[in-house]
Amino acid sequence: MASISLSPLQTSPSLRVLSSYTPQTAPNLSFYSHSKPSIPFPSTSLKPYTPIIPRSRSRSRSRSLIVPAAVKKISETDLVAVPLTAEEFSQKLPSESGVYAVYDKNDDLQFIGISRNVGASVFSHLKSVPDLCSSVKVGIVDEPDKESLTQAWKSWMEEHIKTTGKVPPGNQSGNATWIRQPPKKKSDLRLTPGRHVQLTVPLEELIGKLVKESQVVAFIKGSRNAPLCGFSQRVIGILETQGIDYESVDVLDEEYNYGLRETLKKYSNWPTFPQIFVNGELIGGCDILTSMHEKGELAGLLKK
Amino acid sequence: MGSRGANMLISRANRMKTKLQSVLEATTIELEDVSHQHAGHAAVKPNNVETHFNLKIVSPKFSGHTLVKRHRMVYDALADELQSGLHALSIVAKTPQEEEAASHR
Numbered sequence: 001m002a003s004i005s006l007s008p009l010q011t012s013p014s015l016r017v018l019s020s021y022t023p024q025t026a027p028n029l030s031f032y033s034h035s036k037p038s039i040p041f042p043s044t045s046l047k048p049y050t051p052i053i054p055r056s057r058s059r060s061r062s063r064s065l066i067v068p069a070a071v072k073k074i075s076e077t078d079l080v081a082v083p084l085t086a087e088e089f090s091q092k093l094p095s096e097s098g099v100y101a102v103y104d105k106n107d108d109l110q111f112i113g114i115s116r117n118v119g120a121s122v123f124s125h126l127k128s129v130p131d132l133c134s135s136v137k138v139g140i141v142d143e144p145d146k147e148s149l150t151q152a153w154k155s156w157m158e159e160h161i162k163t164t165g166k167v168p169p170g171n172q173s174g175n176a177t178w179i180r181q182p183p184k185k186k187s188d189l190r191l192t193p194g195r196h197v198q199l200t201v202p203l204e205e206l207i208g209k210l211v212k213e214s215q216v217v218a219f220i221k222g223s224r225n226a227p228l229c230g231f232s233q234r235v236i237g238i239l240e241t242q243g244i245d246y247e248s249v250d251v252l253d254e255e256y257n258y259g260l261r262e263t264l265k266k267y268s269n270w271p272t273f274p275q276i277f278v279n280g281e282l283i284g285g286c287d288i289l290t291s292m293h294e295k296g297e298l299a300g301l302l303k304k
Numbered sequence: 001m002g003s004r005g006a007n008m009l010i011s012r013a014n015r016m017k018t019k020l021q022s023v024l025e026a027t028t029i030e031l032e033d034v035s036h037q038h039a040g041h042a043a044v045k046p047n048n049v050e051t052h053f054n055l056k057i058v059s060p061k062f063s064g065h066t067l068v069k070r071h072r073m074v075y076d077a078l079a080d081e082l083q084s085g086l087h088a089l090s091i092v093a094k095t096p097q098e099e100e101a102a103s104h105r
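In order, the protein sequences belong to chains E and D. Per my numbering, residue 1 is the first one in the first sequence, and the count goes up by one each step. Per my numbering, residue 1 is the first one in the second sequence, and the count goes up by one each step.
Okay, chain E solo, but in the shape it has when bound (with noise of 0.2 Å):
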């Protein structure tokens, strides 16, 4: 273990004894920014000791407290500048699984994670929070199933509480400044308050605002998140893969949609749904817009 390695991303194995962790340094256990898989990659470095735990065991919960740590300290693993480019992160950082650690230009640690592609996690944070990404330790795990990778990231962070007394700002808990959130998903619009509310404006005139106060708005049998129709679907899948910002309404909604099928087949003079309107034009339903989307018109037709 005398050779000093040149790069950050040679990893050496060491035996480390873990304390029994307490939750409370611990925040919020979110570390996962970026899961995209990876293949599981032979390993290069120096193995003076593997610590193979056996997968039964390690998937177990009662484990030993002594468990080897599988990437070096943090205060031994290099600082690398964070490259601004694409292609200089695939040079000089590894696509592999591992721990990661971000500071900002005055050195301070931001946040500390793992994920199945390092270099693609950073790239994404320097995408996100440029001003905070100025370098990078890294970490490789030889063996990147879930617990190893929780491992690292436990034995990192509770060094960095060790040494400083405190979390990374980025993984206290409430900051999302890090990770990914779940896409929130829109819910469908509602027409009316209520089947029993009388309205004070024709459903007509609701519609007629709706469809032009919004780029986009989807007519669809059910809910967006569960369709009921498979027309609908197929709408709502093009939508999303296009990446579109819409607006849904269920058509089949009878307590807060009252009428609406009757309503707008008379409004679009269109006898079927689901009716997809732009900028407050009916554009179609399905067919249209499959064959728009196959076509390549969509991306244009949402700029105007």
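Check before you lean on any hint, since a few could be wrong.
[As the list claims (entries may be wrong)] Straight line, CA to CA, 16 Å or less: simulated EDC-like cross-link-like pairs of lysine to aspartate or glutamate:
#, chain 1, residue 1, chain 2, residue 2
1, D, 56, E, 287
2, E, 166, E, 247
3, E, 266, D, 80
4, D, 69, E, 107
5, E, 186, E, 281
No wet-lab data here; the hints were simulated from the structure.
Assemble the complex: chain E is given as a structure, and chain D must be docked to it using the hints.
Chain D alone, transformed into the frame defined by chain E:
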């Protein structure tokens, strides 16, 4: 089925073909009844046949019209059917020129 009147004696598919033929002067009409694929669908009443169709129609009258307009022309021609239980129509509407171009691809 007999209780629905004489109109039912001619299938909906045939009526649709006749209407499209006369109104749109279609050169090609391919009509496929896919109602069975939608059995159990919320809007399909039990025993309700001929509710869902795939239609491919080629007509010179589509020339110069957008897809929305073409579909509307088809729907207008079939207004009675849509009123009386035709539930969904998947439409491919082309002009003879477009059909020609597509077949040479």
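Here is how each hint holds up against the structure:
1. 56(D) / 287(E): holds (11 Å)
2. 166(E) / 247(E): violated (43 Å)
3. 266(E) / 80(D): Between residue 266(E) and residue 80(D) the Cα gap is close to 15 Å, so the pair holds against 16 Å.
4. 69(D) / 107(E): Violated - the C-alpha atoms of residue 107(E) and residue 69(D) are around 63 Å apart, more than 16 Å.
5. 186(E) / 281(E): violated (22 Å)
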